[in-house]
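A.B. asks: Please construct the entire structure, taking both the sequences and the accompanying hints into account.
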Amino acid sequence: MGPLIPNGLIPVEWNYVIAILIGMAFGYILEASGFSSSRKLAGVFYGYDFVVLKVFFTSAVVSVIGLYYLDYLNFLDISQLYVQPTYLWAAIIGGMIMGVGFLAGGFCPGTSFCGAAIGKIDAIVFIIGLTIGIFVFAEAFTFLEPLFNSSNLGHITMVDILDISPYWFILIFTIIAIGSFVFSDWVRSKVKKVFY
Amino acid sequence: MSKRYKTKKFIVKREYQILAFILVFIAAGLVLLPKYKKNEGIMPELFVKNAISSERYISTDQLADKIINQDPSVLLIDMRSEKEFNEFSLPNAINIPLKNLLDDDYIGYIDQDIYDVILFSNDSFYADQAWMLGNRLGFKNLYVLKGGLNEWFNTIINPKYPDETMPREAFKLYDFRKAAGIYFGVGAPKTEKKAAPTKKVITVKKKKKRAAEGGC
Amino acid sequence: MKGKKQKNRHVYWNPYFGGFLLGLLIIATFYLTGRGLGASGAIKSGVVSMVHTVAPTHAENNAYYSKFIKEGESPLNNWLVFEAIGVLLGAFLSGALTGRLKLKVQHSPKISSRRRLIFALAGGLLFGLGAQIARGCTSGAALSGMAVLSVGGFITMIAIFGTGFMVAYFFRKNWI
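Chains as they are written, first to last, in numbering that gives the first Met the number 0: chain P, 0 to 195; chain W, 0 to 215; chain V, 0 to 175.
Because the hints were derived from the structure by calculation, they are not lab data. Hints should not be assumed to be uniformly reliable.
Unchecked claim - Dumping the calculated EDC-like pairs for lysine to aspartate or glutamate here, alpha-carbon to alpha-carbon at most 20 Å:
(1) K34/W x D159/P
(2) K139/W x D127/W
(3) K48/W x E138/P
(4) K139/W x D103/W
(5) K12/W x D159/P
(6) K65/W x E54/W
(7) K34/W x D162/P
(8) K98/W x D127/W
(9) K34/W x D70/P
(10) K82/W x D104/W
(11) K98/W x E81/W
(12) K139/W x D112/W
(13) K82/W x D70/W
(14) K66/V x E138/P
(15) K34/W x D76/P
(16) K66/V x D70/P
(17) K65/W x D174/W
(18) K69/V x E138/P
C.D. replies: Spelled out as structure tokens, the structure:
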């Protein structure tokens, strides 16, 4: 019963081998879906290319449905999975800063790796920017610490705060995702095409 | 146009609708599938792994050492019946007969993580059973006195004098056991079930324990 | 223009197919390791080890670096670092197989590549800062978080994309 490594069913030595293999699959999928192109990524904000939204929502829906099926069939214990803690204001403000960074830089960290791997100089510069950004954060940590540690809500999930069965939430989420795909296709048909 | 071609055309034209329908159908499956209650406690694999490991055992010598040093983190629990408990038990032990283990009155003693709970009975049998129950439910810090009270008598109360051929450690151990036996109120090496006549009627009010009482 | 349009459509995978595979990969990752994917964590480890090498005392005194420094173990010896190496390899493989390997600066014809690089640097800086505050980037917090229905994952995703739409107007020259 999974997860395999935390439960000792795969020796820990395999951890890094698995990490590289998973990373390779991740990089391959991102690159092949077009995530190495910053103009394609930015398209979602201007309505000329919705690949980010489509890939993102499809993967979120598929993974959450799959994980809950595995849990239902007892292959996996969903309560053992790592849920990162929710720090409300840190998530909101950090997310907003990332939003501006996304529009300015045209990448997010994972996609910038893909871009850098196929020789996009802007992606390499973006990674340098990331490094500086993290350095700035660490140096200013004493100043940012109150924000970083404020409003800790613990390891909560949507199920906890909405007080709804996870299965119903997944169904609603799936329908919302499909609605967003239909909507994005409609928007795209209205917007002037951009070629890149 | 053949029928097959028509079907094919229909599928190609509406592939996204069909895929979306399948996705919603699968998601709805989670809602519609009959729910069942999952087993409580730790996973079977982990339980078996714990059960075959001997890490849960504590030897009588270790326990004697802990009691003599008045280790405050030890909580002794006697799994035998109340009658046997009244005849003899280890100092400061609490009596929880096995059948009452999961009663509301007693569960607080084993479902906690402050003390190292040491379970014992006449041999390891009841204690092992209690340990299995507790471990399955995910309780922490449960240990079993290896060999139980029988082993306690054979080693601490009435240690066997080592043969001349035995290594030095055996004599050291004998001395320790002898001293421990005296501590527990048995002067002479006799198999006499005496020791601290425990008048304590199940004092189950608080987790705190009194200081070790004995022959000193 | 028509030929180019053809190219736009067929050069990459169908997004739903890519999303489906990515979803399966996330499931596999959780099933194997009990945790999600990540990207910015690898760079964080890189920064920590760099600072630790250049100025060890400074790194140990800093409240943030010291969280990640363990005695006798390099901060680079980390799951996410290996995963990031894998991402580079995988993306390179995909680019090589489809003939996309090319050293270039990609930018809108309306701006110079110099301007593109400056914005990329600034964007990276902001993204790095934001990812540390929010404890994860789009892959770590939003993508993997949403798979386990984490509240933080949803909030981070809404914050990133909501802000993106709000500020999109000001950056339009860079992209359209």
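A.B. asks: Would the pair K12/W and D159/P pass a check requiring their Cα atoms to be no farther apart than 20 Å?
C.D. replies: Since the Cα atoms of K12/W and D159/P sit roughly 41 Å apart, the hinted pair is violated (cutoff 20 Å).
A.B. asks: Can the restraint linking K65/W and E54/W be considered satisfied, given a maximum Cα separation of 20 Å?
C.D. replies: 17 Å, holds
A.B. asks: For the pair we were handed, K66/V and D70/P, check the Cα-Cα distance against 20 Å.
C.D. replies: Answer violated: K66/V to D70/P is near 33 Å, above 20 Å.
A.B. asks: Between K34/W and D162/P, is the straight-line Cα distance small enough, at 20 Å or below?
C.D. replies: 17 Å, holds
A.B. asks: Assess, step by step, whether the Cα of K34/W is no farther than 20 Å from the Cα of D70/P, and give holds or violated.
C.D. replies: Judged against 20 Å, a Cα distance of about 12 Å means the pair holds.
A.B. asks: Would you check the hint for K82/W and D104/W, treating anything up to 20 Å between C-alpha atoms as holding?
C.D. replies: 19 Å, holds
A.B. asks: K65/W and D174/W: Cα distance at most 20 Å?
C.D. replies: With a Cα-Cα distance of about 16 Å, the restraint between K65/W and D174/W holds, given a limit of 20 Å.
A.B. asks: Are the Cα positions of K66/V and E138/P separated by 20 Å at most?
C.D. replies: Holds, because 13 Å separates the two Cα atoms, which is no more than 20 Å.
A.B. asks: Does the alpha-carbon distance linking K82/W and D70/W stay inside the 20 Å limit?
C.D. replies: It is violated: about 27 Å lies between the C-alpha atoms, which goes past 20 Å.
A.B. asks: Within 20 Å, alpha carbon to alpha carbon, are K98/W and E81/W?
C.D. replies: 11 Å, holds
A.B. asks: Given the hinted pair K139/W and D127/W, is their Cα-Cα distance within 20 Å?
C.D. replies: 15 Å, holds
A.B. asks: Could you grab the alpha-carbon distance between K34/W and D76/P and see if it respects the 20 Å cut-off?
C.D. replies: 15 Å, holds
Against the hints set out earlier in the document, violations occur for numbers 3, 5, 13 and 16.
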